[in-house]
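Q: Given next are the chains, with one letter for each unit.
Number of protein chains: 2
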Amino acid sequence: MQETSETLLMADQARIHALQNELQAAGLDAFFITNLTEIRWLTGFSGSNASVLVRKDLAWLFTDFRYQEQVKSEVKNAIPIIANDGFITELKSGKYRLDGQVGFQSDKITVSFLEKLKSDLPDVDFVPKPAFFENLMMVKTPDEIEKMQKAVEISDKVFEKILPLISPDVTELDIAAEISYWNKKFGAEKDSFDPIVASGPRGAMPHAKPSNQKLLPNQLIVIDMGCYYQGYASDQTRTVGLGKISSEAKKIYNLVLQAHLLGIESAKAGMSGKILDEIVRNFLTKTGYGSYFGHSLGHGVGLEVHEQPHVSRRSVAPMPAGSVITIEPGIYLPEQFGVRIEDMVLLSESGATPFQKSAKQLIEV
Amino acid sequence: MQETSETLLMADQARIHALQNELQAAGLDAFFITNLTEIRWLTGFSGSNASVLVRKDLAWLFTDFRYQEQVKSEVKNAIPIIANDGFITELKSGKYRLDGQVGFQSDKITVSFLEKLKSDLPDVDFVPKPAFFENLMMVKTPDEIEKMQKAVEISDKVFEKILPLISPDVTELDIAAEISYWNKKFGAEKDSFDPIVASGPRGAMPHAKPSNQKLLPNQLIVIDMGCYYQGYASDQTRTVGLGKISSEAKKIYNLVLQAHLLGIESAKAGMSGKILDEIVRNFLTKTGYGSYFGHSLGHGVGLEVHEQPHVSRRSVAPMPAGSVITIEPGIYLPEQFGVRIEDMVLLSESGATPFQKSAKQLIEV
Chain C
1 MQETSETLLM ADQARIHALQ NELQAAGLDA FFITNLTEIR WLTGFSGSNA SVLVRKDLAW
61 LFTDFRYQEQ VKSEVKNAIP IIANDGFITE LKSGKYRLDG QVGFQSDKIT VSFLEKLKSD
121 LPDVDFVPKP AFFENLMMVK TPDEIEKMQK AVEISDKVFE KILPLISPDV TELDIAAEIS
181 YWNKKFGAEK DSFDPIVASG PRGAMPHAKP SNQKLLPNQL IVIDMGCYYQ GYASDQTRTV
241 GLGKISSEAK KIYNLVLQAH LLGIESAKAG MSGKILDEIV RNFLTKTGYG SYFGHSLGHG
301 VGLEVHEQPH VSRRSVAPMP AGSVITIEPG IYLPEQFGVR IEDMVLLSES GATPFQKSAK
361 QLIEV
Chain D
1 MQETSETLLM ADQARIHALQ NELQAAGLDA FFITNLTEIR WLTGFSGSNA SVLVRKDLAW
61 LFTDFRYQEQ VKSEVKNAIP IIANDGFITE LKSGKYRLDG QVGFQSDKIT VSFLEKLKSD
121 LPDVDFVPKP AFFENLMMVK TPDEIEKMQK AVEISDKVFE KILPLISPDV TELDIAAEIS
181 YWNKKFGAEK DSFDPIVASG PRGAMPHAKP SNQKLLPNQL IVIDMGCYYQ GYASDQTRTV
241 GLGKISSEAK KIYNLVLQAH LLGIESAKAG MSGKILDEIV RNFLTKTGYG SYFGHSLGHG
301 VGLEVHEQPH VSRRSVAPMP AGSVITIEPG IYLPEQFGVR IEDMVLLSES GATPFQKSAK
361 QLIEV
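Protein chains in written order, with UniProt numbering: chain C, 1 to 365; chain D, 1 to 365.
Since the list gives no way to pick one copy over another, a pair counts as held whenever it fits inside one copy or between any two copies.
Calculated pairs, DMTMM-like style, for lysine to aspartate or glutamate (alpha carbon to alpha carbon, straight line, at most 25 Å):
id: 1; residue 1: Lys-157; residue 2: Glu-364
id: 2; residue 1: Lys-129; residue 2: Asp-29
id: 3; residue 1: Lys-209; residue 2: Asp-12
id: 4; residue 1: Lys-360; residue 2: Glu-160
id: 5; residue 1: Lys-209; residue 2: Glu-146
id: 6; residue 1: Lys-286; residue 2: Asp-85
id: 7; residue 1: Lys-108; residue 2: Glu-134
id: 8; residue 1: Lys-209; residue 2: Glu-304
id: 9; residue 1: Lys-286; residue 2: Glu-265
id: 10; residue 1: Lys-185; residue 2: Glu-160
id: 11; residue 1: Lys-129; residue 2: Glu-115
id: 12; residue 1: Lys-190; residue 2: Asp-156
id: 13; residue 1: Lys-190; residue 2: Glu-304
id: 14; residue 1: Lys-190; residue 2: Glu-160
id: 15; residue 1: Lys-157; residue 2: Asp-194
id: 16; residue 1: Lys-108; residue 2: Asp-85
id: 17; residue 1: Lys-185; residue 2: Asp-156
id: 18; residue 1: Lys-274; residue 2: Asp-85
id: 19; residue 1: Lys-250; residue 2: Glu-69
id: 20; residue 1: Lys-108; residue 2: Glu-307
id: 21; residue 1: Lys-108; residue 2: Glu-90
id: 22; residue 1: Lys-72; residue 2: Glu-335
id: 23; residue 1: Lys-190; residue 2: Glu-153
id: 24; residue 1: Lys-209; residue 2: Asp-194
id: 25; residue 1: Lys-274; residue 2: Asp-120
id: 26; residue 1: Lys-268; residue 2: Glu-146
id: 27; residue 1: Lys-108; residue 2: Asp-194
Think of the hints as simulated: they come from the structure by calculation, not from any bench.
From just these sequences and the hints, can you work out the full model?
A: What follows is the structure, encoded as structure tokens:
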């Protein structure tokens, strides 16, 4: 539809202009972008090989032969260049004006790659600019929030699909296979990370990989999963019981649920991740289980499943309105079991709105 | 089983010793490894956060709380350290002797990360060592070849499972969902890359992402897929016909098949990737379709689905015996269709042995 394309085009131009304003403010002549996530955010290009050079007056996107069709349909705000011998060779050709102070993503570019850039493009003064895009990308537009909402809807539906499959006859990998399958069947591009399905004592390993172990009866199962929808990630965790769950496990479950709800109630824009992490951690410490919550409370979500703002003891900057974070406290009792409950929330000045609708009371199947 | 664990332990020790010998030869006091693939190859650790410091006398593996259980079962040849505030803070504590010439993976570490290392560990002289592991990792051990064989067996079985599902009633994404599903059901950890399922004109985009488009009747479909088994990747492409395929498409199919078989016949250890790429490219150029083969002939496969040795115009080093490469010529006619046929082969002095068993004659379903 004409209208949609024009709206999108304007959004894309707005991002290039925002970047060009940042260039101006930082005293740079150009910016050199090599990371695919930032390139997707800036230009819409979703291929696996690209570099973008943004000057004050225009932008080029370099990719290779494989994407000569795709680049035409996806990129509206940069001039696409097919550079089969690599963009550095292309830049060396002299066809492009490139000198002065050029910013680069020093937190993404390798030491070797910078050395090559410097030796191949001696007229350029490369200026390290770590995290240059983070502030631009952290605040989500309505269009981005809608895509994340869609990704979460898929995850909620996938969770409903897999709940009836949970039984002592299936393995962790079986459930993981179903999650990956239904993600795609419900319209996601793919998993946003490898699903975690961890039964019984394996649930005490917060990042356990699904194994060939059958789901253990009368034990908790931690299920952490997500998908990408039009480039945007979802991420959620539920812990469910198979059979009769011990009263100790139920107690721990309810503590984690209280901690999770406390996190959602307390979160709002303007607060630092450090403070939010502290509120939930202090609660768990008072219950005596603080030392069994060994990871940070959450992380930003967007085009990447882990992005800014982080929600950890080290996150001192205020989280802006329009940012999306996870709230995922957990208690892990080694060699016994683990509990984690996770939603994504959208932060505003007045509070936090969860994306997920999946039930949070302990489900025993 | 006792015997297996001891054999594995010896293999692990051999890798640490090989690295320590390289240190000696390079005049280094230690080596600092930050990339997870190399860490898995060296220590067996498969978690998502680790750094390894190898000194001439011992090795440490730093990870975080989440992996305190996993690290015990996986790592036998390095001392595991749980460093919840990051390994740099841990190293700064003074508990570890660390000075002199320390090599680092300059082709993997970012510019910002190196700056942080240098400022936090001022007594260390960091020495850039790009591609330090490539020669060590390129030649596969029998154990590694066995795992890759198993990964390929899974892919062959998955291909058999999806062939009967191909019909005008299903979308590209439906087939991709089945591929991801059956990978896991047959025992793979996950896809080694996002499956490509590209029907008709979409097949002319060598890296098309599966879409909601139904499979087009009387058209070719490019299916490129792979999985990880115990960390090792498979990668294969077949192009199949749905319904009645035009004689032009059949002609192109047979040219690509000839090119693919020529590649397998010609490949052997000691040859450079450049020469092998040239042999196949010259054949396609003589048929008049050379300009429609825009990517390189192949790439190494191992713990990563794309690794050394590359098989491209720029790969001048001889490929060693025991390395595994793909041979994947293609012809892509824009807005019409594409054909690609890909196997993995093991190189020896006498030739190349394909891993895949899936049929290569055009299948019309």
